[in-house]
Amino acid sequence: MGKGHGIESPRLAGDLAVWLIILAELLAFGILFLSYAFARTFDVALFNASQSTLDLTFGAINTALLITGSWCVVRAVHAVRQDAPAAGARWLLAALACGSGFVVIKVLEFSDKAQAGIDLSTNTFYMFYILLTGFHFFHVLAAMVFLTILLVKTRAGHYGQHNHHALETGAAFWHMVDLLWIVLFPLIYVMR
Amino acid sequence: MVRFSTNSLWLLLLLATGITYWLGESGQLGHASMVPVFLIFGVSLFKGLGVVLDFMDLRHAPALWRYLLLGWLVFVIGMILLAYWLGLQ
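Residue numbers (the numbering used here), protein chains in the order written: chain E, 637 to 828; chain V, 4 to 92.
Hints in this document: simulated from the structure, not taken from any laboratory.
Careful: at least some of the hints might be erroneous.
Some chain E residues judged to face chain V by a derived CB distance under 8 Å, without partners named [stated by the list, open to error]:
no. : residue
1   : F674
2   : R676
3   : D814
Chain E regions said to be covered by chain V (calculated; three or more residues, Cβ under 8 Å) [claimed, not checked]:
no. : stretch
4   : 644 to 654
5   : 756 to 762
6   : 779 to 786
7   : 790 to 798
For glycine and all other residues, C-beta sits at the position ideal for the given N, C-alpha and C.
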């Protein structure tokens, strides 16, 4: 059974370029995740002691915010595909609110650590903590810039049932940020 | 794999996050045991599958892309578990 008989052919949602970027990002973060995991084996006690200074509640709230942001982005894409850009824009705004909540919590976390005199040179755990969560933080900011542009263009009526390629492209990048955090959170905040 | 609606998947992902948080807060970890670590990364794997297949919509993408992202997820989590096990030796 081919096209037109109820079975859709496989389709990559979004631009190929963003998917290639996603692969590169996953590779880079994968190397950092495994570097952390294997570096930990050399001094488990130090990693566990340092990890106990992190706020697990902040980490869990941030996970919930990113997941909820991803859900909002999915709903935005669905709304625009159904030619409801106004609803799509509202979902994008909700996703941005989730991203903003994540940013506020991370800034609180980073400033708390800075006030405690913790920096990259404090110990190996904190070096990884700052590098990994900091690198991820900048990806959240980049994804929020993309979402803001998409929000403005969706509100202006640029996207609809037959034109949502750019929206799907931005959505894919946002979901990648969520996927990375789904591994980062248990690795850095929980595993001990 | 079972497919959930977008809303159900979102709620399940939040529930899964709650389970990870509870495992972290309850003091189940840090006793040189693989079981709770398997659990938290099992939950992580489930969440990753949901995001990759349904939020990223790779369920309907060419198989190569689906396998690349799922392969990354399984490989990274597998290696993290291996590293944790090595840390126990």
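Here's how the hints hold up against the structure:
no. : hint       : in the structure
1   : F674       : holds, 5 Å
2   : R676       : holds, 6 Å
3   : D814       : holds, 6 Å
4   : 644 to 654 : holds (count 5)
5   : 756 to 762 : violated (count 0)
6   : 779 to 786 : violated (count 0)
7   : 790 to 798 : violated (count 0)
The structure fails hints 5, 6 and 7 (numbered hints given earlier, in ascending order).
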